[in-house]
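Join the two chains into one complex using the hints; note that each chain is given alone, in its own frame.
Chains A and B are the protein sequences, given in the same order.
If you count by my numbering, then the first sequence holds residues 22 to 349, one letter each, in order.
If you count by my numbering, then the second sequence holds residues 3 to 536, one letter each, in order.
Heads up, none of these hints are tricks.
Selected chain B positions facing chain A (Cβ under 8 Å, derived; list incomplete):
id : residue
1  : Asn42
2  : Ala48
3  : Ala178
4  : Glu185
5  : Asp206
6  : Val207
7  : Ser233
8  : Ala243
9  : Pro421
If you are wondering where the hints come from, they were derived from the structure by calculation, not from laboratory data.
Backbone N, C-alpha and C define an ideal beta-carbon position, used for all residues, glycine too.
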Amino acid sequence: MIAFLVQRLFQAVLVMLAVALIAFALFNYVGDPINSMVGQDTSVTERERLRQDLGLNDSFVVQFARFVGRAARGEFGLSYQQARPVGQIILEKVPATIELSFLAATLALVIGVPMGIYTGLHRRSWLSELLLAFSLIGVSLPTFLIGILLILVFSVGLGWLPSFGRGSVVQFGWWSSGLLTFEGWRAIIMPAVTLSLFQMTLIMRLVRAEMIEVLRTDYIKFARARGLTNRAVNFGHALKNTLVPVITIAGLQLGSIIAFAIITETVFQWPGMGLMFIQAVTFVDIPVMAAYLVLVGFFFVVINLVVDLLYHVVDPRLRVDRDRIGVG
Amino acid sequence: MTNRLRRISQYGLSAIIGILVLGSCAEAKTFRWANDGDANSMDPYARLETFLLAFDMSMYEPLLRRNREMKLEPGLAIEWRQTDPTTWRFKLREGVKFHDGSAFTADDVVFSFDRATHPGSNIGNPLSTVKEVKKIDDYTVDFITKTPDPILSYNLPVVAIMSKKWCEEHNATRAADLTKNEESYATRNANGTGPFVLKERQPDVRTVLVKNPNWWGLKEEPIELDEVVFSRIENASTRVAALLSGELDMVYTVPPQDTDRITKTSGMRIWQTSELRTIFLGMDQSRDELLESNIKGKNPFKDKRVRQAFYQAVDEDAIKAKVMRGFAHVTALMVGPGVNGYDPALDKRYPYDPAAGKRLLDEAGYPNGLEVGFDCPNDRYVNDAAVCQAVVAMLARIGVKANLLAQTRAKYFGKINPPRFETSFYLLGWTPATYDALDALRALAATRGPGSSDGAYNIGGYSNPQLDELTQKIQVELDSEKRNELIDRGLALLKEDFAYIPLHQQVVVWATRDNVDLAQTGDNFFQLRFVKLK
Chain A
22 MIAFLVQRLF
32 QAVLVMLAVA
42 LIAFALFNYV
52 GDPINSMVGQ
62 DTSVTERERL
72 RQDLGLNDSF
82 VVQFARFVGR
92 AARGEFGLSY
102 QQARPVGQII
112 LEKVPATIEL
122 SFLAATLALV
132 IGVPMGIYTG
142 LHRRSWLSEL
152 LLAFSLIGVS
162 LPTFLIGILL
172 ILVFSVGLGW
182 LPSFGRGSVV
192 QFGWWSSGLL
202 TFEGWRAIIM
212 PAVTLSLFQM
222 TLIMRLVRAE
232 MIEVLRTDYI
242 KFARARGLTN
252 RAVNFGHALK
262 NTLVPVITIA
272 GLQLGSIIAF
282 AIITETVFQW
292 PGMGLMFIQA
302 VTFVDIPVMA
312 AYLVLVGFFF
322 VVINLVVDLL
332 YHVVDPRLRV
342 DRDRIGVG
Chain B
3 MTNRLRRISQ
13 YGLSAIIGIL
23 VLGSCAEAKT
33 FRWANDGDAN
43 SMDPYARLET
53 FLLAFDMSMY
63 EPLLRRNREM
73 KLEPGLAIEW
83 RQTDPTTWRF
93 KLREGVKFHD
103 GSAFTADDVV
113 FSFDRATHPG
123 SNIGNPLSTV
133 KEVKKIDDYT
143 VDFITKTPDP
153 ILSYNLPVVA
163 IMSKKWCEEH
173 NATRAADLTK
183 NEESYATRNA
193 NGTGPFVLKE
203 RQPDVRTVLV
213 KNPNWWGLKE
223 EPIELDEVVF
233 SRIENASTRV
243 AALLSGELDM
253 VYTVPPQDTD
263 RITKTSGMRI
273 WQTSELRTIF
283 LGMDQSRDEL
293 LESNIKGKNP
303 FKDKRVRQAF
313 YQAVDEDAIK
323 AKVMRGFAHV
333 TALMVGPGVN
343 GYDPALDKRY
353 PYDPAAGKRL
363 LDEAGYPNGL
373 EVGFDCPNDR
383 YVNDAAVCQA
393 VVAMLARIGV
403 KANLLAQTRA
413 KYFGKINPPR
423 FETSFYLLGW
433 TPATYDALDA
443 LRALAATRGP
453 GSSDGAYNIG
463 GYSNPQLDEL
473 TQKIQVELDS
483 EKRNELIDRG
493 LALLKEDFAY
503 IPLHQQVVVW
513 ATRDNVDLAQ
523 TGDNFFQLRF
533 VKLK
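Extracted from the complex, chain B is given alone in its bound form (with noise of 0.2 Å):
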């Protein structure tokens, strides 16, 4: 009886798909995927965040964009060169029309970089190194920066260009001020040059996207979707269950327990690279006393080899195969694979020897071990909480105690962000936003200080002048092979000093049907213009 129903089923839905199937041949190629976040605005201004510029990229273009190997191409701009160290030259395309007819110019470039720096807009600090944006004639600017800067264009996929025009007539010549109680036109209308049109827009729930028959683009590269509908949906069970049965194409956030089950229905495939952002350990070593721990007067961590005893005690192999189901990179570097200055000849850890590290304890005058308190995140990255545990056992066997405060993001990053640092273990990730190491050495490891930007996420006080040195080289250096070295002593200082400990990079894991093809990048940006349906 049962088997019969399902028959009948399996024969009336295959009905339906065939239906389906024979009437979007002969009408629109549709495309439907899911995340568990929305785009939250269609501002490309409103955030600096991966999903919601990869979305909103779809519909606007920044001068320069990345391609399928992730390398800077052509996007609005199509040439650009450093004119003298101060000054990069772009020439724009031409012909070029926005989705309501008007034309793009240097106009629009000079006023996006405006609106891109002005408060309500949260995508300044990519541009920070830049002064002013000048308009040489209409189809050529010059952005003038404060200091050489050799890798203002790695910044600049991040900047989608807005209508002058367009933001003029509705009033939305600066992004979303939330102190105020009004919306802006453009959280929930777009208009850009790019190969998809906002059709319609339901925050939270629907968003439609149809594609642009005038773009500029579409002769060296068709666009094969005609309609691309995105759905939020934050249940992973849920998220999966709606793409086995069908009525998704792909799925963007994919649980790692659901993997498994994915790989094992016909149909469906698992799409999976290493991502750029590194998670590792970081120890407080600026306080003379650590905040949470049992060691009174002195600060454990400033005594490089109690630093290298944590190093020794935690097994990354296990972590990987355990924890990650083997979904990461083992790394021994602050930076991964697919960013500027990642070395693979640096990239070997020092071994795993709880046996030395309790020597190393014990030299460092520790023989009873020591305790210490160790936040880290519980929703942000991916078993973040699961390898912390992980951890903890590790350490336990050097005979640190490390007392586990697993809690949700917005606490956590709450307790441990600038400027309070309120933390003396911890687990973080970062991804260097140029896909530069420069960022991470910026960011991570130059000495903080008040009122300077670089050691923004150095919470752990880490501070080595010859590193600062570097840095700074790095920062003006105009010849990319001596950067590259540069950045090689950078990343090698780092990992002798054993300032951080780094474990792994995490793996973007996509789901999609079979007859899905797409690029996938360890950026996790996910391009529109490059999915086909076979």
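The following block holds chain A by itself, in its conformation from the complex (with noise of 0.2 Å):
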């Protein structure tokens, strides 16, 4: 197991230092920083000096070699555009979007699962074609227009809930927390809806379609002649074996959301790390960019990583495997 984690966390670094290479060689093609950091009337000798200071003039190898020297420290350089550390920009924008994730991601499998277990099992009930109709607008309509929808009726329309914003939030530590208070609740329904509804819809038709295909295999009906009861079959055999590419899935989809929660932090102006990295792309703002894409790249593998280990739990047969061959 020991040996597994150590192999998982050597790939975690070749990951990673890859990452930080493509995204290097991107900002090459991303534009000239200087200029977003001046005026129009800061002279040429000027912008210059700048360029020399920030060592933008230096190869790309050494650019490189030097940012991956800091980054293991734990060092990522000011940001050109508010002139603050970036892990302190960094800190404080990962609580916005974890909170918002996992709301979401909660959200997604609460309400898909039952969903998609309840359209497998009564696949012909008026309400599982309503749940399916539902689910391919929630397949099929892009984010930002939902986000917007959702913005016209409840906030300019209703004005129930915030259009903008995390309302107000409480602080422990560094951590800021949003979920403490009746604002922040509000302010956090719509992004989160926004967010989870085409995970929700995912999950919902991988569970019922793997629900379709297990309730037709033998050992289901076998189980079915032994006299179990429903409950037994359907929940007991059936959903556990659905559940490894659900699992899958689901932690994957956990960092897509992380990372695409950027369409949906734009939309709502949520101050999380989606928002910070477009803003940085405008402003060609290259310790941020850099910072974020090893951060998102790090969340991946995490997450793969916890997911591998999930396998273990659901899937025995894994366990066997692994411990035969010895590299468990």
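Structure below.
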């Protein structure tokens, strides 16, 4: 088990170096940061001095080496835009994104899985048809459109929910939470629903398809023949066997919820990392972009690791195989 | 059913609003506003940028500030005059206190000049003519300039005065240095003399200011707002939605496509005025062969007839009506109304005449037209890419094929900006930072050369010794009437030479609820001290 973890960590480092390299190579194409940093009246010599000071005149290899060296020590430099340490900026933004993503993922699971089970078991009921029709909307409408529609209805039309921001937050050390105040909950509803809609419908369709598949297999027939109750067959045997792919997808989707909260965060001005990244791109704020991409790479690696470990819990065969080969 | 629901929700909403309104009357007047960008730093020397400066200037103050008509008026200095050609003497206001309670004196002015002109500060350029600032006594300072500078005072409204004591106490005697991994105290804290005090700062999210009860100007100019909450809302639709839903009192940057909708909503108001920024087209007149063209071995733009042909092919009235939806001031000059030196008599465009343009191209030796690269930003000015597309279509009528490259500003400026000047034909906007035409003449039209700050944005490399001589004269002419005459000649010369193709001045558009009163100026410099809530 420990060897497995170590092997995974080693892979993680490689993945992250690759992410950093690709990200860094991309930065050559995003434009000239100096121009966003100074006004039109700044003289050419001043611009040149700034470029020199920031090391932008060094070769790609030197810049990359310097970045990796610093990043390994947890230093990402100062944001060009805000003149504040990038690490500090990210720490401020992480709580907002994590709270939003986890709430969205929870919504997606808590609503998506039961909907999937229901539509899988009662394929011909009118409610199933309705849920499937609804899921089409979730899959096909782009996120920003859903967000704007929600704002139009619930903020501009009805005036129930705030259209932007996090409401009021409570500070615990460096973590700021919006989940402890009424205002905070009011503010998180629309972004969380918007963000979860796609995942929710995806999970629902996945669970449904897997359920239908599994219910057709022989062991379910035998289980029924043995006279087990519907409940035991459906949930004890069928559902459990549908879960492996669901966990894989849900895990990977959690990663993409975090990474792709960008659009939702932009629409609702949710002060998280996605919004920070978009702002950094328009400003050519290289230190922030680099740190963000590395961090998202890190999230994906961690989530994949957790998913791998969960397989072991859910599927005993994997445990046996690994132990026999001696890798795990 | 839905009707009933709506009615119930409306009652509920009006009850809530009623409670809020009653509550706010009894308590404090809060003004909530938003912009697409944040004021990135509370340090007024962080960047020479209108929004940041305007924001920070509600906490800090300059020696001279601008009033509702953009005219200079006393700020921290009460009197100023030139005692000799290279000396400006300022009499400072007495009894002014910084927010931390310390007194404002000449030492703070000397310190501020020093801080503003050292590395880390980006507002050194407006002070580039100043050699030193001398303290005469506690409330008198002299600005000694390297050469006579008749318009030094025009530059001062962008230079905030900071407290020497406070900066020293907090290790912030230099503006933030981006090459170090530490934040400057002044980036997130503020200690000025201005009408508002910084209460809360969450960068990129929320900034809260409260009224300064000890402000020196309160007697003549009562401040109505007790609290100001600024939020950054990047997405244009969300920003407008927040205004319409009553969560905001004002939106600073209004997307042109939403102005109609806001006007039609009751209780909302659109504010507009002509901006100081001039949008124009420039042509490379310096290279012997254009970088991006099918004409080899020579540069067609060196021929005045070609420049005139391009000029007359552009139908600016159509651009104003169709692309800008009327939100533009058609211009024939490189400076607009509100800039010192602007002359309405000169501001008449040559007629739109594609037939004449075609003929001029023929005469110049391009009967089959020509092909040229065309650089354009797509996120810098109002509808910039759309303006460029319109220009491409118009030029096609005289046989010119302009290959448009519209890209994001970071890429665009990286290509065309000094020292590369890698463009043949481009669209640019320019605001004279001093609100004076000399700034535009020097930056855009004076001959550029290595080591000279003249012609820094003369990207097309236009060069005319006559104009250079005029700019030299304007720079040192102390008599304002003579000076304006010289400026007039300079502007006329640019027009006759077809040095540029001026298009329009944009219109500043702000939106508020209709209970808000404020002072909108063409420099887009939003001053909180003028805001009143009815």
